[in-house]
Amino acid sequence: MLRRGALVRAVSCPSSHASTLSSLFRDRGESGVILKSSSTDVYENLAVEDRIHELVDLRGGGILFLWRSASAVVIGRHQNPWQECDLRLMARLGVPLARRRSGGGAVFHDLGNVNATFFTSRGKYDRRRNLAVLTGALKTLSPRLDVRATERFDVVLGGAHKVSGSAAKLGRSGAYHHCTLLCSADRAALASVLKSGVRGLRSNATPSVPSPVRNLTDEDPALDCDAVTEAVAAQYNAEFGFSGPVLPVDPGDEAFLPGVRQAAAELRAWDWVYGRTPRFSVRTSFGASGGSVTVDVVVRSGVVESCAADAPPGWLPPRVAEGFCSALVGSRFRPAEMKTAHVMIGNRIPLHSWLENLVCGIMPDFINLNLTRALI
Amino acid sequence: MAAAFTVRGPFTSMRRLVRPGPVTRNPKCRGSELPVCQPATCTVTRSSSLVSSRHRYRPCCPRVQAAARPVVVVVPRGLPAALPQPRRCFRTSYAAGGPVLQFKLSDIGEGIMEVTVKEWYVKEGDKVSQFDSICEVQSDKASVTITSRYDGVIRKLYYDVDTIALVGSPLVDIETDPGHEVAPEKDVVETPAVSLDEHTHQEIKGLKTQATPAVRRLAMENNIKLSEVLGTGRDGRILKEDILNFLSKQTGAILPHQEIRPPPPPLTPAPAALSKPREKGLPSAPQPVAPKPVFTGKDHTEPLKGFHKAMVRTMTAALKIPHFGYCDEVDVTQLARLRADLKDVAKARGVKLSFMPFFIKAASLGLLHFPILNASVDEGCQNITYKAAHNIGLAMDTSQGLLVPNVKNVQVLSVFDIAVELNRLQALGASGQLGTADLTGGTFTLSNIGSIGGTYAKPVILPPEVAIGALGKVQILPRFNSKDEVVKAHIMNVSWSADHRIVDGATMSRFSNLWRSYLENPAAMVLDLK
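Protein chains in written order, with the numbering used here: chain S, 1 to 376; chain V, 1001 to 1530.
Don't take each hint at face value.
Incomplete in silico selection of chain S near chain V, CB under 7 Å [what the hints assert, rightly or not]: (1) HIS78; (2) ASP126; (3) ALA167; (4) ALA222.
Keep in mind the hints are simulated off the structure, nothing from the lab.
Heads up, the beta-carbon is just placed ideally off N, CA and C, and yes, glycines get one too.
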């Protein structure tokens, strides 16, 4: 129930807002709370989303959180990063990888992309209405724009190109639905990074549905990030009958959002980003003298669960193969630890190119080692 | 040879296992990242849950095996080989015999009926408290954390990871402590039949949903839970339009749920029951031994809901009207030619052109001369209203059933405009998004049952209208032309029904003739085109 004319404190500068978001929402939730992040770190912003979801009792109002992040790839909760993006390229370009807690597919963020997260109680969870806020905001800025929401909760431009994708998380009493909006993103980087780098990967992880994308500024140069952010905030107020101003929020402010730093640290951890991957297996084969070599690795929770190598005995002595596999098993599926396995073998047996090829075949994003390319 | 076995269960969190026997530290374990088995703590690592004696394999004579290619499979070490027989270990804390409650997968909104279980946070035997997370499920891009409603011990998990769970089906069994009060069901659970009480007092977490009694009744008749409908009125009030919109979107979701049933168990019929009783006095001829067909079908009863229910109501009302039928055949050869010419022009404009726009426009032109067919009578048949607008309805067979959207104001639309509108309605119908505006306000109906098949029909009038036409399929038949030659003709049959309290046979016949003349000679239609 909205009570218009309820007390609305004039908040003009950050220091005068309530001590925590929960108390702020209690006071002002009925007139809507819009937060805008002052950070462009993807982990910090995702941590803010988590904390809002956990801390705030959203009955009687809603929160809109607007944020942008520097170049990053964000995959969905149950996805496989090796399948979704090119990790080697990302390491080379310095693009971090984050896993969010909501479902859905992989997306590329950069400063030309605006993210909007709609927080509501579970009863008021309505994705269509949130998308109507986005399309309404865009149409206010550019009335002739042909944008509409689709069945899959995307927003398409001109019926063919995707400009926004979304995902949602439902908890016990609250829910959130977040959406991207491509205003002026780097489409070349997006296309090159969102490609799988590992061949022969088999998994039941949620796949992404690739779509042709387009920037809003390609259609209308006035639709840059700042204009779109303001328009979305205004349309949010109009759609839900709220009247809150846009408040800046600092994701590092532990007092405002207790636990946000810890949440960001958890999101950065390898165990969350990579370790949370559902079980998958990688099979690589390449030709070698005497036949072909096949390596089958099963990875569970980011850790190599089992490893099988099938190679011509003249090329790879079984003892070495066994030693190699047993060194890999139990280690995490990441270059540093593969290197350890590699080095351990190397300490005991002279390093041969076939050993390097084996490791390369399993771990193509192995850039720290100076290894020869696999004979594929 | 090698005994490799696994302890089942998710590895997402470290769980203590009770392990018998001495545990020695394995020198190969890397101490830095993964915890190792210690005698005192017996904490289990992810990798060490696989036990094998294989890791001690030393090829005694590798040269012997040089002929065949050895496939070396190594499973992780971490536990000593000397372990008694494989045993599934889990924490056995016995809750003292409380009731075992089935925790059903609650509704997650948006009419979603099934989800994929993606991750379990608990396993059988774990102790949970109310509001602890049990599992993570995903449905199209929404990830949902399911939390426990009770305190107790998990006794059974009904689904594996990556399987599909149905909303409303049991997810886990939780054995609660005896005397433990079961938390009231605050989550809304999707069940097929909803009682009257739930409709009068819908509470979502303490908040009452706002809806007038008329709206509540409409929801109850269509078996809709008010808590699932998003109210667009003031203060989140649910309006009648919201129910109708929800209905048009929801039926496609409700029906599949009903149809998913486990296959019936095979019945073994008693041979005595199937074989005919032998009459007295008949010589007992040797019966051929043939396998009797086994009938494993089972009767299936379900309550009528949604669109079926609406159709029952409409048709019951419709057949109170005294119908009379009138059938005729129309030679649409020239119309077919015209349409073939115009098809590409329309396509260039982005519109699919069928015969229907012509039929509809011709009907509208006919209605201008016979306005009584575009009228409506009230309930007691006291007053007749001659409707000004020709809102011609199209019977459409969609995935949700029979819907009749209408094209508004055909009297001012051109054939092309009608085609555009038809395309729009067909797209909406195909995606299940026809709204109330499109579905109400019709004054005359045409049913193109011929697109599926059939020649003559006996259509049922849609109240409060007074007439309806059913068009059969276009057949190519031989006919005599004016020169007494047999030529190929495109023949379509039409079957009209009208309300005999208002309309007489002569009116219907003249209307039909006029309509037919427009279609048989499209050039004449051009003369009268408005």
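>> Please check whether ALA167/S passes as an interface residue: C-beta within 7 Å of a C-beta belonging to chain V.
In response: At about 5 Å, which falls below the 7 Å cut-off, the nearest Cβ of chain V leaves the hint on ALA167/S intact, so it holds.
> Does HIS78/S meet its interface restraint, that is, does its C-beta lie within less than 7 Å of any C-beta in chain V?
Replying inline: Since the shortest Cβ distance to chain V is 5 Å, the answer is holds.
> Close enough to count: is the Cβ of ALA222/S nearer than 7 Å to one in chain V?
Replying inline: Since the shortest Cβ distance to chain V is 28 Å, the answer is violated.
> Quick one, is the ASP126/S hint okay against chain V at 7 Å, beta carbons?
Replying inline: It holds, given that the least Cβ distance between ASP126/S and chain V is near 5 Å, below 7 Å.
In terms of the numbered hints stated before, the structure departs from hint 4 and from no other.
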